[in-house]
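Colleague: Place chain B on chain A using the hints.
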Amino acid sequence: VVGTFRESVRGVFQGGVRIAVKIIIFLLVGVLALVALMVVASLLACAAATLYALLPFPKVPFRYNVRNLQVRWKTTVVTAVAFTLVVALLVGMLAFVKGMYRLTQSSGQPGNIIVLSDGATDEAFSSLPFGVDVLRLPKNVQDMVQKDGDKFWAVREVYVVVNQEMPLAGGGLKRRFVQMRGVDDVELAARIHGIELQEGGTWFSGKTYEVVLGDGVARTFGADMGKDSVGPGDTIRLGPKEWCVAGVMKASGSTFGSEVWARDIHVQESFGRKTQQGNSYSSFVVRVKDPEAAAKAAEFIQNERGQEPFAAMTETEYYSKLSQTNQQFLVAALIVAIVMAVGGVLGVMNTMFAAISQRAKDIGVMRLLGYTRWQILSSFLLESLIIALIGGILGCALGSVTHGWSATSIVSSGAGGGGKSVALKLVVDAQVLLAGMGLTVIMGAVGGLAPSLSAMRLRPLESLR
Amino acid sequence: MSFLIQNLILNPLNLFGVIFGVVPIIIGLIVAASHPRLFMLVVKNLGRNRLRTALTFLAIVFLVFMVIIILTVVTTLDSFTTEKARNLKLIVTERWQLPSQMPLTHADYLDPSNPKFLLKGFGITPNDFMTWSFYGGTLEPGKVTLENLIFFFVMDPKHIRTMMDDLETFDPVLVKKMQETRQGCLVGRERLEAMNKRVGERFKVFSINYKEIDLEFEIVGVFPEGRYNKSAIMNDSYFNEELDKYARQRGKKHPLDMKRLNLIWLRVKDRPTFEKVAGAVESASQFADLPVKCETASSGVATFIEPFKDLLWAMKMVMVPAILISMALVVANAISISVRERQKEMAVLKVLGYRPTQILGLVLGESLLVGALAGLLASAFTYYAFNSMGGIPFPMLFFQSFPIPGGAFLWGMGMGVGTALVGSLLPAWSARSVKVSEVFSKVA
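Protein chains in written order, with the numbering used here: chain A, -10 to 454; chain B, 13 to 456.
FYI, nobody ran anything at the bench for these hints, they're computed from the structure. Note that this is a predicted model, so its numbers are computed, not measured. Beta carbons: idealized from backbone N, C-alpha and C, even for Gly. Misleading hints may appear alongside valid ones.
[What the hints assert, rightly or not] Cross-link-like lysine to aspartate or glutamate pairs, in silico, DMTMM-like; alpha carbons within 20 angstroms at most:
1. Lys223/B / Asp107/A
2. Lys155/B / Glu297/A
3. Lys63/A / Glu353/B
4. Lys350/A / Asp269/B
5. Lys223/B / Glu293/A
6. Lys271/B / Asp107/A
7. Lys230/A / Asp301/B
8. Lys155/B / Asp107/A
9. Lys305/B / Asp107/A
10. Lys285/A / Asp132/A
11. Lys310/A / Glu159/B
12. Lys155/B / Glu293/A
13. Lys305/B / Glu154/A
14. Lys216/B / Asp107/A
15. Lys265/B / Glu297/A
16. Lys163/A / Glu318/B
17. Lys163/A / Glu237/B
18. Lys414/A / Asp322/B
19. Lys163/A / Asp269/B
20. Lys414/A / Glu318/B
21. Lys163/A / Glu294/B
22. Lys321/B / Asp213/A
23. Lys11/A / Glu237/B
24. Lys263/A / Asp269/B
25. Lys239/A / Glu185/A
26. Lys155/B / Glu288/A
27. Lys11/A / Glu202/B
28. Lys163/A / Glu231/A
29. Lys223/B / Glu297/A
30. Lys263/A / Asp301/B
31. Lys264/B / Glu297/A
32. Lys414/A / Glu154/A
[Unchecked claim] With beta-carbon atoms standing in for the labels, derived distance ranges:
33. Asp177/B / Asp139/A: 52 to 62 angstroms
34. Leu162/A / Ile31/B: 36 to 46 angstroms
35. Arg173/B / Glu231/A: 42 to 52 angstroms
Okay, chain A solo, but in the shape it has when bound (with noise of 0.2 angstroms):
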């Protein structure tokens, strides 16, 4: 009884808090409405305010606004600084959302159609019928797929994610998810994906345990050794058998930078996709003539629903479906910038209405020495604007910093999708600067809206008083 009333407390006492919170939503929600319109108010007043400041009109003069930022240089200083890290926070997250794109962006070839069995939407959940190859694709799709000769551009790939097991220095076992990719004709795979190799690499003959490594993957076993990374002639252990590396992919960017290539027999034997009907294959990737004809080949594919269905897709959209992942942490950067931006903005309101009530005085003077109230306006615009500026240049100089730094993380699908851990660069381009830079403008022109409307309304002879 005691157990039953409890849980209808807690029942009504959650119904409440969740009908509040609904409530603070939808006020929430109007908040943020007035927040976009006095965002779009301040960058179209902080616009005017520049351009007015650019032409030869009569103004505040600018020396005036940089003299008193020199005077208080010390609330300048620390407004500055939250500037900074706030910027400097989200041009990092940025770069590391940006080299995550860039990844999925660059492991998908145009004219590469992937075919998984029908219902997977990930490589490591496909399965495909035994003795997948063009000839049993429609008619019309293999007149489509580019041959060298005789020979198709196609290549049947088994994928696993291994569970690598590594000894610690202290006793026990420390595991690791290793992507692993079997390819029936390794160099036709590389020509196909686009992969090459470092200089000293060979690709590997099959005869014995060979494997190929990304790039990213090689530093990250590299780590393990002590070293920067492995190379021919190293030896790794991956499930239960050694294997010799026999080379090292060059950087492509890609999602491949992070898989361990080797013959697709040695990986179905390994890794039990070698059954007595056959051995089974995840993907078979085959490459069109025309890249422009790639989606239409892959929607022939897709609806041939004969005794062999398959699910197709064109690799560049199979990959850019890997980052949902992605998108999940831009929202999430986004947020934390807004979030922490908005932190930036009240500091900045703090500085600018304290600089206007010291110089109330000031103020009545400019009235009475004839500047009227929208070139007061727009000199205290552009005072909290040069603050803002001087973060965020600082900010993005800082958040730079960060570009070619190496990341690892994981790009997947989401809905049933099984994902790929990766070793990424992060990416500080153009765009992102220009996000930073984009944020500290917004941050400026909101934090100094309301205290220069503030200055603009002061009456000349009450401030003077």
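Modeller: This is chain B only, laid out in the frame that chain A set:
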């Protein structure tokens, strides 16, 4: 006592909250009670420039809100990867690859109620065992969207209360109903809403991972609000019977027939027992054909989280400090402006007989009061707003959402008070050191 040790001393974040939040607040309350006039002066001073107070307050609220969200994600993941000392849950999976796919017979050797049970003498009872298979599909054939996609934990319903995390108090009536309804399933609230279904309704699932095994279900109940909002459970007996039926009807086994078991769960009393059990399982000849590995649930989760280690490090070591620093800067800025504006007032207070320590306390009191209230409000809002939705909606690996822990109140207060303290120390010291003669000579 053990609760206090567990939640305060062993949890550095909660301890931080107590040291920087609760202790200063208690000291502040004692000072306020013993010097009510000084406290009233603090309150009045805050009311003198309401705009500045409000802006500083709001800035702290927003930034504390953000830090609580980040810390919740990080600490939740940490808690899943931290080894427990007692009642360890073990996962037995296929040794070399992911997803783990084992034959159903593997479970026989580890099921305490099965005569083939291998682990006699380790204190493992039938309540300490559970198996999982994963069955997923769509409500319409070939149409994969978030709305019509559903994944089931395939398991014996009798283990829901005994082995599933956070379902220890799950309604036993629903468990019984699941056991009695062969096609019964339990579905989380959010998944149910996304599918636009209600309890009692029936639906058919066209499988994605078990080709040609399309199953019909009847919804018998909903999970309690929280981590299972997007999950579903179905009967393992129904699943296994359908796979067996496939073999009988087609004259050949389903391609995944011998790979239908994904995970085996066991619970042992402590770490030494785990070591022994793991050794016995991994070396058992019964698993020689398809080797298995045995690991604690936390170490299993840690392997999945491994690729995010850089990101989590950056969240913990870069983002949180950066936000805290900008929060301290906002406070420092506001307080130093306020102190500069009130130099004459400080000098007058000194003339009236206020000691430098009292002036220091006055300025510190103002910022601490704002920091404490803002931290408390931010943590209360974050806690109730997100937990009413089942947690922070940030699907990541097998975590659908991250509920805000109760300790967030301590973190919020700790951050609010701590950053207010750090931010206002220098301005308060400069207020304390105001020289009366200098201030009045300037006025003169």
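Colleague: Next step is simple, just say for each hint if it's right about the structure.
Modeller: Hint check:
At roughly 8 angstroms between alpha-carbon atoms, lysine 223/B and aspartate 107/A fall within 20 angstroms of each other, so this suggested pair holds. Proximity of lysine 155/B to glutamate 297/A is assessed by CA-CA distance (about 18 angstroms); at most 20 angstroms being required, the pair is judged to hold. Restraint check for lysine 63/A and glutamate 353/B: satisfied, since their Cα atoms lie roughly 14 angstroms apart, inside the 20 angstroms limit. A threshold of 20 angstroms between alpha carbons decides the hint, and for lysine 350/A with aspartate 269/B the separation of about 86 angstroms lies outside it, so the pair is violated.
Note on lysine 223/B and glutamate 293/A: the hinted pairing holds, with a Cα-Cα distance of about 17 angstroms set against a maximum of 20 angstroms. The hinted pair formed by lysine 271/B and aspartate 107/A meets the criterion: a straight-line CA distance of about 19 angstroms does not exceed 20 angstroms. Under the criterion of a C-alpha separation no larger than 20 angstroms, the hint pairing lysine 230/A with aspartate 301/B is consistent with the structure, at around 15 angstroms. For the hint linking lysine 155/B to aspartate 107/A, the alpha-carbon distance of about 11 angstroms falls within 20 angstroms, and the restraint holds.
For the given pair, lysine 305/B sits about 31 angstroms from aspartate 107/A by alpha-carbon distance, which is inconsistent with the 20 angstroms threshold. In summary, the hint linking lysine 285/A to aspartate 132/A is supported, as the alpha carbons are separated by about 13 angstroms, within the 20 angstroms threshold. The suggested pairing of lysine 310/A with glutamate 159/B holds, with an alpha-carbon distance near 17 angstroms, which does not exceed 20 angstroms. Pair hint lysine 155/B plus glutamate 293/A holds up; C-alpha atoms about 16 angstroms apart against a cutoff of 20 angstroms.
Straight-line distance between C-alpha atoms of lysine 305/B and glutamate 154/A comes to about 10 angstroms, which keeps the hinted pair within the 20 angstroms bound. Simply put, lysine 216/B and aspartate 107/A have alpha-carbon atoms about 18 angstroms apart, close enough for the 20 angstroms limit, and the pair holds. Note on lysine 265/B and glutamate 297/A: the hinted pairing holds, with a Cα-Cα distance of about 18 angstroms set against a maximum of 20 angstroms. Between lysine 163/A and glutamate 318/B, the direct Cα distance comes to roughly 10 angstroms. Compliance with the 20 angstroms bound is thereby established for this hinted pair.
Our distance criterion of 20 angstroms between C-alpha atoms is broken by lysine 163/A and glutamate 237/B, whose separation comes to about 35 angstroms. Under the criterion of a C-alpha separation no larger than 20 angstroms, the hint pairing lysine 414/A with aspartate 322/B is consistent with the structure, at around 12 angstroms. For a cut-off of 20 angstroms, the pair hint linking lysine 163/A to aspartate 269/B is broken: about 31 angstroms separates their Cα positions. Of the supplied pair hints, the one linking lysine 414/A and glutamate 318/B holds, its CA atoms being roughly 17 angstroms apart against a limit of 20 angstroms.
A distance of roughly 16 angstroms separates the Cα atoms of lysine 163/A and glutamate 294/B; the hinted pair therefore holds under the 20 angstroms criterion. Note on lysine 321/B and aspartate 213/A: the hinted pairing holds, with a Cα-Cα distance of about 16 angstroms set against a maximum of 20 angstroms. Using a Cα cut-off of 20 angstroms, the hinted pair lysine 11/A and glutamate 237/B holds, with the two alpha carbons roughly 16 angstroms apart. Only pairs whose Cα atoms come within 20 angstroms are accepted, and lysine 263/A paired with aspartate 269/B is accepted, the gap being roughly 15 angstroms.
For the hint linking lysine 239/A to glutamate 185/A, the alpha-carbon distance of about 6 angstroms falls within 20 angstroms, and the restraint holds. Simply put, lysine 155/B and glutamate 288/A have alpha-carbon atoms about 15 angstroms apart, close enough for the 20 angstroms limit, and the pair holds. Only pairs whose Cα atoms come within 20 angstroms are accepted, and lysine 11/A paired with glutamate 202/B is accepted, the gap being roughly 16 angstroms. Proximity of lysine 163/A to glutamate 231/A is assessed by CA-CA distance (about 17 angstroms); at most 20 angstroms being required, the pair is judged to hold.
This hinted pair checks out: lysine 223/B and glutamate 297/A have alpha carbons roughly 12 angstroms apart, not beyond 20 angstroms. Restraint check: the Cα-Cα separation between lysine 263/A and aspartate 301/B comes to about 13 angstroms, which is no more than 20 angstroms; the hinted pair holds. Only pairs whose Cα atoms come within 20 angstroms are accepted, and lysine 264/B paired with glutamate 297/A is accepted, the gap being roughly 18 angstroms. Between lysine 414/A and glutamate 154/A the CA atoms are separated by roughly 25 angstroms; this puts the pair beyond 20 angstroms, and the hint is violated.
Separated by about 58 angstroms at the C-beta atoms, aspartate 177/B and aspartate 139/A satisfy the suggested range of 52 to 62 angstroms. Here the CB-CB span from leucine 162/A to isoleucine 31/B is close to 37 angstroms, well matched to the stated 36 to 46 angstroms. For arginine 173/B paired with glutamate 231/A, a C-beta distance near 46 angstroms keeps the hint of 42 to 52 angstroms intact.
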